[in-house]
Amino acid sequence: MTASLIGFAVLMVLILLRMPIAFAMGLIGFVGFALQTSWSASLSMVGQMAFDGGLSYTLSIIPLFIFMGNLITRSGLSHKLYDAAYSFVGHWRGGLAIATIGACGGFSAVCGSSLATAATMSKVAMPPMRRFGYADSLATGAIAAGGTLGILIPPSVILVIFGIMTETNIGALFMAGVIPGLLGVIGYAIAINVMTRIWPDLGPRGERSTWAQRGKAVLGVWEVLLLFLIIIGGIYGGIFTPTEAAGIGAGVAFIIAIAKRSLTIKTLFESLLDCVRTTAMIFAVLIGALIFTNFINLAGLPDELGWLIEDLELNAFVVLAAMLVIYIILGCVLESLSMILLTVPVFYPIIMNLDFGMGPDVVLIWFAIIVVVVTEISLITPPVGLNVYVLRGVLSDVKLSTIFRGVTPFVIADVVRLAVLVMIPALSLWLPSVMK
Amino acid sequence: MSNVLRYGMGGLASFMVLLMMVVTCIDVVGRYLFNNPLTGAFEITELALAAMIFIGLPLATDTDEHIRVDLLDAFMPDGFRRFLTLVMDWLSALVLAVLAWQLWHKTQSIAADGHVTNTLEIPLTPIGYLMTASCAISALVLVLKGLEAMKRS
Amino acid sequence: AETLTLSSWLPPTHPFVVNALKPWADQVREATNGNVRIRILAKPLGSPLIHFDLAKDGIADISYGLQSYTKGTRFEVSNVAQFPFLGESAEAVSAAYWQVAEETPEIFAEHEGTHVLSLFTHGPGIIQNRTENKIEKAADLEGLKVRVPGGVANDLIAALGAEQMLVSPSEIYETMSRGVIDALTMPAETMVSYKFIDAVDNITQIPGGLYNTTWFMSMNQGRWDSLSEDDQKAIMSVSGEAFARLQGQAWDVADAAAWEAIKEADIPVTVADDAFIAEINAALEPIEAEWLEKAAKKGVDGEALLASLRAKAQQK
Ligand code: NA
Ligand code: NA
Chain A
1 MTASLIGFAV LMVLILLRMP IAFAMGLIGF VGFALQTSWS ASLSMVGQMA FDGGLSYTLS
61 IIPLFIFMGN LITRSGLSHK LYDAAYSFVG HWRGGLAIAT IGACGGFSAV CGSSLATAAT
121 MSKVAMPPMR RFGYADSLAT GAIAAGGTLG ILIPPSVILV IFGIMTETNI GALFMAGVIP
181 GLLGVIGYAI AINVMTRIWP DLGPRGERST WAQRGKAVLG VWEVLLLFLI IIGGIYGGIF
241 TPTEAAGIGA GVAFIIAIAK RSLTIKTLFE SLLDCVRTTA MIFAVLIGAL IFTNFINLAG
301 LPDELGWLIE DLELNAFVVL AAMLVIYIIL GCVLESLSMI LLTVPVFYPI IMNLDFGMGP
361 DVVLIWFAII VVVVTEISLI TPPVGLNVYV LRGVLSDVKL STIFRGVTPF VIADVVRLAV
421 LVMIPALSLW LPSVMK
Chain L
1 MSNVLRYGMG GLASFMVLLM MVVTCIDVVG RYLFNNPLTG AFEITELALA AMIFIGLPLA
61 TDTDEHIRVD LLDAFMPDGF RRFLTLVMDW LSALVLAVLA WQLWHKTQSI AADGHVTNTL
121 EIPLTPIGYL MTASCAISAL VLVLKGLEAM KRS
Chain R
1 AETLTLSSWL PPTHPFVVNA LKPWADQVRE ATNGNVRIRI LAKPLGSPLI HFDLAKDGIA
61 DISYGLQSYT KGTRFEVSNV AQFPFLGESA EAVSAAYWQV AEETPEIFAE HEGTHVLSLF
121 THGPGIIQNR TENKIEKAAD LEGLKVRVPG GVANDLIAAL GAEQMLVSPS EIYETMSRGV
181 IDALTMPAET MVSYKFIDAV DNITQIPGGL YNTTWFMSMN QGRWDSLSED DQKAIMSVSG
241 EAFARLQGQA WDVADAAAWE AIKEADIPVT VADDAFIAEI NAALEPIEAE WLEKAAKKGV
301 DGEALLASLR AKAQQK
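Residue numbers (my numbering), protein chains in the order written: chain A, 1 to 436; chain L, 1 to 153; chain R, 1 to 316.
In short, the hints are calculated from the structure, not lab data.
Among the clues, some could well be false.
What the hints assert, rightly or not - According to the in silico footprint, chain A covers these stretches of chain L (three or more CB under 8 Å from chain A):
hint, region
1, 18-26
2, 43-55
3, 127-140
Ideal Cβ placement from N, Cα and C applies to all residues, glycine included.
Chain A on its own, in the form it takes in the complex (with noise of 0.2 Å):
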């Protein structure tokens, strides 16, 4: 346990001063299962990984819905997305924003990415809100908050990786983020409503839709929802496995790119190479992972507490409770694919010997929920929350205290909805159970 907790203080130093998160696991790995084993041994374990865990063919699944969804935001489906919602909320109080989080929700279904949702929308949703007198707090809240639904709604990196981690069927993975991404939704627009009230400037109301206006806005997007069942209905009918539905869906995302007539080869290249570089990263912070895990597993981490909790026999939920505590701690500091690569391969085990009162298969697709869950809440925290950095990146005349006082009431309806996901698991379960 000692020499775990050493590696993990001198991890957290190297990243605090700047060292990319990648290399820093990578390094920290290298000496520490050196040190446990020999030199020689540790050497060949760093090849041994990254050689491994380049080839992977499910984790094609990456850069494919990454650029599905690149490909969707070239089609201007984003803004259709946007005028959608508008023409349904658009008038109620605070109803800009409750359009930015149905148009993230609906973005969410063809992008596996929160980072690329909260980007995207940023640029689709900001202009309108800006028009109508929103409050920068608000509206660069809702779309920060509005983007994490892109690892909990399917598809999802996130879901992918733990997936894999954990050897949980990803289609039930899945299938179990829809119900708590729609949750997300409500209760991100309950909290708009909740800010409008007691302030009514914040949001301002916009005009009001017919129903002629509604339809038309419903039919121009009618590729994202094609795209969307095509997608889980490929899965869910047979036709073919996650993995495949990536390449499918962005061939379908590529054919109504072209359709549109809204690709050049140079929007292409820098879609393409926008999907390269994320996913290299991705890769990076990857094999960085598997190296230093590796060191913690010979160390005896995973054994130690699962020792310690048994021990002390604790609760199942206090365990579980522990662990979230430790989750929104470290999601002061690191984003979400590092934290769920650096903690899960250490508490699923636990997880799965604790009682729950249902079988160790179904708590893994429960746990993996919570935990996507959890992590959404880092990526708008302070002092390190991505959406919020990326928010700051695309709108650089807004302050950055702006859009953390802006997220604070949707990260307090994300504590409420994480607290009802544990509650009550069939959230989470019913439907990967119903659609068998």
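Assemble chains L and R with the ligands onto chain A, guided by the hints.
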């Protein structure tokens, strides 16, 4: 250097993404419409992904895509922050160099064992050498970036 | 006392881990009077595919896995126990495999860089399918999408006219229940451990097995050499054939329980008749010939080796 990375390697990596997409689509459509899946689709996808990642690594490194925490930046004097970045980048370069060295070793042993993929029997040594070169180039990119930053300040 | 790390990739609840690996770890401790302890790691140090290299490179002290996971020309003679019709009992086939290995230095040579602690197989492979039609002859396999386990079985399934599908074990259930694959071939035990019983409509049993898989349990050579001679002897007294039998019993018990479950679930079982077996043998011929050639290149009389394995597997 940047343009070579961007257009040469970027183009190659982009091709790999399209390849993965097309191969999967052909495989699935072939399987369902013509009951004739694409032989080895699995292997092509796996190798294309590996190629894409490792061609992409120097690109991501060049544009500083790697996640780092800038939490303490506000509390650091500018000069110190730059110095720290330089140290950490060179330390990262060292990690990448070690990876390159070990990937080269790994590739040698793969060559000796004659590793090939299951169905199409594609040899794995080229991808091994690609991984080796990618990590070495990425390390070099970081070293050069550090030198440039030093020249500027 | 020495502690040896063992990287294990099967789930901790798997019969192999519970009924073979853990008891063996206890036996090693007893046999060496506590000098040597085996520590089964909480998680594997890499994917199943690289487990031989883990032991060879000393990343883990001990590992186990399938030789067929290592691609290339390293394991060829060792593949002898992948052929069909070896026998119904994993214990008998495993013991026979170890016995022929002891007479065939080339098999140990293929595991160079490691000290081989044991060699073994699981139970006989059966065909599990979800299509309405029973599989009673080679023609019934024509065009079916069959998930293959690697090694000789891949070639055999293809030679019988089916489409090979590569699906990772954790995705088999889903791909089968959704019709992405029509059938698979694995030992009966998977009906329970992977819950295939809910997804499979028909079973075809091939007496002696449609295929088998060869497994190793190896220890890093340098680490092995560092142990005292007494400890080495003590470890081998509970390894080798003893472990091959111990783990074979674990598979046999699991297979028997699965056949009970199949009976209870009323899943029709077809036993391959002589005509089907003749078809399998015909499909096997070129595969066997190719293997004989590879074995000959390494200086081994494959025909004699295979005959010896089959004969030994008939004895208990
Ligand atoms: Na999503
Ligand atoms: Na945070």
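These are the hints, each one checked on the structure:
1. 18-26: holds (count 7)
2. 43-55: Three-residue rule met by the region 43-55 of chain L, so holds; n is 10.
3. 127-140: holds (count 4)
Hint check: no violations occur; every hint is consistent with the structure.
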